[in-house]
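Kindly produce the complete structure, drawing on both the sequences and the hints.
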Amino acid sequence: MAILAVCGVKGGCGATTVAASLSLLWQRQQRPVLAMDLCRQNMLRLHFGMAREESDGWRGRLDAGADWMRAAWEVGNHHLMLVPHGRVGLDSGQAGPEDHWLREELALLEKRAGQRTVLDLPAIGVAERRQGLNAASHALVALSAEPAVCALLEMTEAELEASGLRPERVLFVINQFNPLRRLDNDAEAMLREALGPRLAPLPIHRDEAVREAFASQQPLFDYAPESQAADDLRQLAAWLSVRLDAGGHAS
1 MAILAVCGVK GGCGATTVAA SLSLLWQRQQ RPVLAMDLCR QNMLRLHFGM
51 AREESDGWRG RLDAGADWMR AAWEVGNHHL MLVPHGRVGL DSGQAGPEDH
101 WLREELALLE KRAGQRTVLD LPAIGVAERR QGLNAASHAL VALSAEPAVC
151 ALLEMTEAEL EASGLRPERV LFVINQFNPL RRLDNDAEAM LREALGPRLA
201 PLPIHRDEAV REAFASQQPL FDYAPESQAA DDLRQLAAWL SVRLDAGGHA
251 S
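Residue numbering for the sequence shown follows the working numbering, starting at 1 and increasing by one per position.
Keep in mind that a hint or two might mislead.
Stated by the list, open to error - Quick list of simulated restraints, FRET-style, between CB atoms:
#1 R52 to E193: 37 to 45 Å
#2 P147 to G65: 17 to 25 Å
#3 R70 to E193: 46 to 54 Å
Source of the hints: derived by calculation from the structure; they are not laboratory data.
Fair warning: this is a prediction, and the values are worked out from it, not measured in the lab.
Beta carbons are placed, not taken as given, at the ideal position from N, Cα and C, and that holds for glycine.
Pasting the structure below:
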């Protein structure tokens with residue numbers, strides 16, 4: 001079973017949107033998907049139309065000694081299970097689970113043929129990020145086309161390598177790309193030189209339809225199926241599928 005950890009090289013790179021979009025696209029291909037939010041902001045659920053006031057999630061159930069998987073929601077046509085983080089106070093005082101808790105728990109779950117697990121990871125330095133990286137078979141890092149990202153790339157790669165992920169299983173995508181900005185094009189060229197075939201061939205373009213779809217609580221692929229970003233995300237899902245199915249060895 002492929003377990004894909006989706007994270008940003010820094011905050012604001014759109015990793016949650018990418019994680020939600022991949023989960024929805026694979027679901028629509030009739031592929032079983034488990035999508036799990038490891039971020040305290042608890043935002044992944046909103047991409048699937050969950051009510052804003054809903055507070056249940058895996059972390060609160062785990063802290064209470066209950067079955068965390070009972071926080072899962074079935075989305076759509078029975079192919080997608082969503083596990084929200086849930087609302088947890090910043091001053092709750094609860095210690096998190098051991099670093100390899102999630103890997104062990106996912107190994108115990110019943111798996112369906114062809115299943116993919118998509119983990120939405122928080123920022124660097126957060127315990128839940130280590131949980132996700134320790135559990136993952138692959139990682140997808142969302143990058144924005146800016147100089148700060150180029151400067152942070154080495155640190156991010158070192159973090160992922162320390163988690164045990166082999167370089168060929170760490171993949172990258174440029175998000176929120178504006179081809180009309182010279183700086184975006186310069187940064188893309190630098191990233192392509194540094195990352196080679198591990199960088200998705202096409203960036204995800206900055207597209208107002210992404211924000212509009214989120215505001216309307218509709219999937220982008222329903223709200224604006226012909227939008228540039230929707231097409232970019234479909235291309236990304238196809239590119240990733242080849243690599244996940246090959247175990248990371250595709251060129």
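If any of the earlier hints don't hold here, list their numbers in rising order.
Hint 2 contradicted; others consistent.
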